[in-house]
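The listed protein sequences correspond, in order, to chains A and B.
The opening position of the first sequence corresponds to residue 1 in this note's numbering, with each subsequent residue numbered one higher.
The opening position of the second sequence corresponds to residue 1001 in this note's numbering, with each subsequent residue numbered one higher.
Any given hint might turn out to be false.
Here are the in silico distance ranges between beta carbons for each label pair [said to hold, decoys possible]: (1) B:Q1054 with A:Q80: 54 to 62 Å; (2) A:D69 with B:A1032: 49 to 57 Å; (3) B:G1050 with A:Q51: 40 to 48 Å.
Bear in mind the hints are in silico, worked out from the structure with no lab data behind them.
For every residue, glycine included, the Cβ atom is placed at its ideal position computed from N, Cα and C.
2 protein chains.
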Amino acid sequence: METIAEASEKSDLLAEIQTEEQENFTLRRLEASDYAKGFLDLLGQLSVCGQVSQEEFTKRFEELQSLGDDHFVCVIEDLQSARIVATGAVFVERKFLRTCGKAGHIEDVVVDSSVRGKHLGHKIMNFLTQYAKNAGCYKVILDCSMENEGFYEKCGFKNTNIQMSLRF
Amino acid sequence: METIAEASEKSDLLAEIQTEEQENFTLRRLEASDYAKGFLDLLGQLSVCGQVSQEEFTKRFEELQSLGDDHFVCVIEDLQSARIVATGAVFVERKFLRTCGKAGHIEDVVVDSSVRGKHLGHKIMNFLTQYAKNAGCYKVILDCSMENEGFYEKCGFKNTNIQMSLRF
């Protein structure tokens, strides 16, 4: 059986590895240069992304920038590989309901398959949730498949409604 | 038993009443003057609306106007009573996914309890769906309770995912 000292040593070692790992990952706002850092390849792990040129990317990036703080695309970069390994977006919807309240919508959350299990998804979710709260939202919502319900429950979310969709 | 002629006469009469009724209802974009036409009272039938002054309403109205065609609040006015009796909103989310695609989000659909059964909900939904399609969205989505699933199915929507939410 492992002694307390051995367990403690192992725990210190783990913490050290985790700290080193965490230091390799930096969370920040999406930048135009992330086109070259695999941002779209990462999104392609979530859904169909299609061929997007640098020019098309920059155009969309600037459109979103014009929304100011009402739209935020958050990314985590792996500094060692200079690749984007996690992302998620939040936009703030201005309503008349709830005394002209605001609702945060979280969209397009994905973590690169090579770095899953390092809690990067939680980091993204914690950031986006806090962002919506700081923006004055009375709630933050997202749509997901049943299989991801457990992950979002761990992030503090509750299954409240159903999503209906119509594709053109 | 009713004869075919009687049924036909009744049907003509119904059509006439419906046409007259339809003429009383006009569908258009939300205007600043709708504050005085009970727009917020109507929203209050959907969820908590709270006390909103004319000034606060106008401020939010102008904020939404600054989004241009990416946000549209549709209303139906009863011309006889000069009251807003139905509403729904759609906003266009610009994404990187789907070749920098757009997704339409339908929000805050409600019909005044006094005019239900006149298909005003369908009129609102048809308009908002068509609006999203014309705006170039590849899909349009909404969140609702299970009890409203049937209504949205009749509007062509399918239950595809679950909604998760976190309230602050």
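Cross-check of the supplied hints:
no.: 1; hint: B:Q1054 with A:Q80: 54 to 62 Å; result: holds, 57 Å
no.: 2; hint: A:D69 with B:A1032: 49 to 57 Å; result: violated, 25 Å
no.: 3; hint: B:G1050 with A:Q51: 40 to 48 Å; result: holds, 47 Å
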